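*Asks:* Given only the sequences and the hints, what does the whole structure look like? Please build it.
For the sequence shown, the residue numbers in the numbering used here are 29 to 178.
Calculated from the structure, these hints are not laboratory results. The structure presented is a predicted model; accordingly, all values stated were derived computationally and were not measured. Accuracy of the hints is not assured; some may be wrong.
[To be verified] Simulated pairs of lysine to aspartate or glutamate, EDC-like, Cα-Cα distance not exceeding 20 Å:
hint	residue 1	residue 2
1	LYS176	GLU129
2	LYS177	ASP119
3	LYS31	GLU43
4	LYS115	GLU172
5	LYS48	GLU125
6	LYS114	ASP170
7	LYS31	ASP145
8	LYS31	ASP170
9	LYS31	GLU125
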Amino acid sequence: MTKQLQQSIRAVADEFIRRKYNQFSLVAIVGGAILFMLAAYLTSLSAWWLLLTLPVMMVTVIMWIVLIVVFVLMSRLRLGLRSSQKKAVRDFVDKLERVAESVQTPVPLLVVRMVWDALQRGENQHRYIRSIVEDSTSLQSDFESLQKKF
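*Replies:* Now the structure itself:
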């Protein structure tokens, strides 16, 4: 497999996953903060509420820890891209998201398939991103120009 193809796949997967991570983490952080405030209020009413809110708070803390671990892993695995490469990757992912929305693929499934493609080695392993690219003629030329930037 060419180095250009593998770096292109990794860059596209990284940008796509980073976007979805940012959306999910915002909801998780705000939702967790609201749950903590609600738990503190209910516990101030009666100590019995602590029995109900304790498991919820523990799950929230575990979710925050997982978010931090994923963030650290994403930042360590990120490719160092030039500004022209970053712009090309952002534009390509914008088109990729529009295509994914038009076929109505669920976001969690898209994230799993992007991660799987990014982790695979070998010429015929990047099936999902390649199939989306081949299905859309405008994405094909965009992906080829993106691949040339690496």
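*Asks:* Taking the hints in turn, state whether each one holds.
*Replies:* Against the structure, the hints:
Taking the CA atoms of LYS176 and GLU129, the gap is about 27 Å. The hint is violated against a cut of 20 Å. About 13 Å separates the Cα atoms of LYS177 and ASP119, which keeps this hinted pair within 20 Å; it holds. Taking the CA atoms of LYS31 and GLU43, the gap is about 18 Å. The hint holds against a cut of 20 Å. Our distance criterion of 20 Å between C-alpha atoms is met by LYS115 and GLU172, whose separation comes to about 15 Å.
With a C-alpha separation of about 11 Å, the suggested pair LYS48 and GLU125 falls inside the 20 Å cut-off, and the hint holds. Proposed proximity of LYS114 and ASP170 is supported: the alpha carbons are some 14 Å apart, at most 20 Å. For the given pair, LYS31 sits about 15 Å from ASP145 by alpha-carbon distance, which is consistent with the 20 Å threshold. With a C-alpha separation of about 18 Å, the suggested pairing of LYS31 with ASP170 holds against the 20 Å cut-off.
Simply put, LYS31 and GLU125 have alpha-carbon atoms about 24 Å apart, too far for the 20 Å limit, and the pair is violated.
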